[in-house]
Amino acid sequence: MKSLWAVTLATLEKDIRLEWRSKDALNSMLFFSLLVVVIFAFAFDPLAEESRQIAGGLIWVAFLFAAVVALNQTWARELRNQVLDAYRVSPAPANALFLAKALGNFIFVSVLEALMAPLFVVFYNLHVLGPAWQLIPIAILGTWALVVNGTFFAAISLRTRSREIMLPLLLFPISIPAVLGMVAGTTAVLTGDNPAHFYIVLLLTYDVVFTTACLALFETVLHAE
Amino acid sequence: MKWLFPILSIITAILLAYALYEALVVAPTDALQGDVYRIIYYHVPSAWTAFLLFFINFVASITYLIGCKPKADILALVSAEVGVVFCTVVLVTGPIWARPVWGIWWAPGDIRLTSTLVLWLIYVSYLVLRRFSTSAQTQILAAALAVFGALDVPLVYFSIWFFRTQHPQPVIGGGGSIDPRMLHVLLLNWLAFLCFAFLVCWSRYRLEVLHREVEEAHAMESLAGGAPANASLPPDRSSR
Amino acid sequence: MNAIKFLFAAYIATWVIHAFYLGTLVRRFSRLRQQLKELGRK
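If you're matching them up, the sequences are chains A, B and C in order. Following the working numbering, the numbering of the first sequence begins with 1 at its first residue and continues without gaps. Following the working numbering, the numbering of the second sequence begins with 1001 at its first residue and continues without gaps. Following the working numbering, the numbering of the third sequence begins with 2001 at its first residue and continues without gaps.
Just so you know, nobody snuck in bad clues.
Here are the computed lysine-lysine pairs in the BS3-like style, where the Cα-Cα straight-line distance is at most 30 Å:
| hint | chain 1 | residue 1 | chain 2 | residue 2 |
| --- | --- | --- | --- | --- |
| 1 | C | Lys2042 | B | Lys1002 |
| 2 | B | Lys1069 | C | Lys2037 |
| 3 | C | Lys2037 | B | Lys1071 |
Reference listing, derived: stretches of chain B covered by chain C, where coverage requires no fewer than 3 residues with Cβ under 8 Å from a Cβ of chain C:
| hint | segment |
| --- | --- |
| 4 | 1041 to 1054 |
| 5 | 1093 to 1105 |
| 6 | 1196 to 1204 |
| 7 | 1208 to 1221 |
Over 10 Å on every C-beta distance to chain C, these chain B residues come out as not near it, computed from the model:
| hint | residue |
| --- | --- |
| 8 | Leu1004 |
| 9 | Pro1006 |
| 10 | Phe1058 |
| 11 | Ala1072 |
| 12 | Trp1120 |
| 13 | Arg1130 |
| 14 | Arg1164 |
| 15 | Gly1225 |
Hint data in this document are derived by calculation from the structure and do not stem from the laboratory. Even glycine gets a Cβ: it sits at the ideal position worked out from N, Cα and C.
The shape of chain A in the complex, shown without the other chains (with noise of 0.2 Å):
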């Protein structure tokens, strides 16, 4: 077990380190972000009762959308080099990698979530009715169910044609319920209708669920060459 978390966190660490240095994807990204806010500014404009109620959807679309973007170059740069032949003939264990990259993304689509959602703010003069502190354990349950499936699938989908579309078609459909989780928790908050509770139970069983999952056939899928 230690020498999981060893590992996991020596290939974090480097991975940050990497995107730390060029910043390529950090800045594009960014921009994309706030891109992603503002078409949606002008696409559904926001007067102030009916904002409350759809800014969750349209917040955790925005997310879902950033997060794929994001998703998708994961495995880029080990697919350069042959990196992830590198780990397949390595002892290193295979979920090291796995969740090296999933915390990876985690922090990444957080950092822009947390860039996003005062954006949000902004535009849609949103103020929470509801319990303001249960929006953290959504956005973090919601953003890890988003990122451990995405992983998972991103590296699925190194091996299929189109595998930029390949990843938000596998990812969206079984996402739904924590994407209904999230957006419906959200919601609740905002609007103050609602308790959100059980969308956060909810979001809790399926990151245990899918976490599980991922770690149980991502050595399966990492061998498959």
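Assemble the complex: chain A is given as a structure, and chains B and C must be docked to it using the hints.
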């Protein structure tokens, strides 16, 4: 063995015709919905058949992940494909039924139709993966995806169920007990569709086996460099 | 009656979908048999 398929086909055709007759003529008219409710005799058996086929896909996929037997993989592919066909029927007949009864084509909170839609999306994505994958181990990747899909099903159901309890939607007449005569006709139609589904799966299975034989023959041919005829077809199947 | 139109639409739609799928199976079968014949000839 060769005569078995035609005989089963004839029996199935007769069964389907008889079930249709029962559905349209024999079954009593519904007090609330009139005769339109008879769509149920095609809608519900198709749904049950689709769910059964997707369950078979789940079991076959797990079997393949554990043992890598080609037959399990072919069964997974076949059950997914035929399952999607039956699921399409459910999603088409559902709104056609909803329109005259509820006045709307689709209600987002209707848990059955919405979960069926998600199920359809998941298995279509499974079939797309199988078609677009360039890997030599497509089967394993697809089996992994199938497991994910199956794990998702209860989550889909409960997420929509809870959403619906908080956002009341039109309720389809259908909660509560069903008239035993209607139940009899429903089960009869299900039996007929199950036989039909079995025959379709059997055909698709044979098609896939033939397809793989042809592919292998092509591969052997190119390995042999377009050499004489006796090198091109594999001598027997027992080596698998 | 208007509602009966929906009943027949549903039944016909069901069989159209099945017929379409069976049609693709038949087409693929004949194409494969053709390929098998060509391979046998070589």
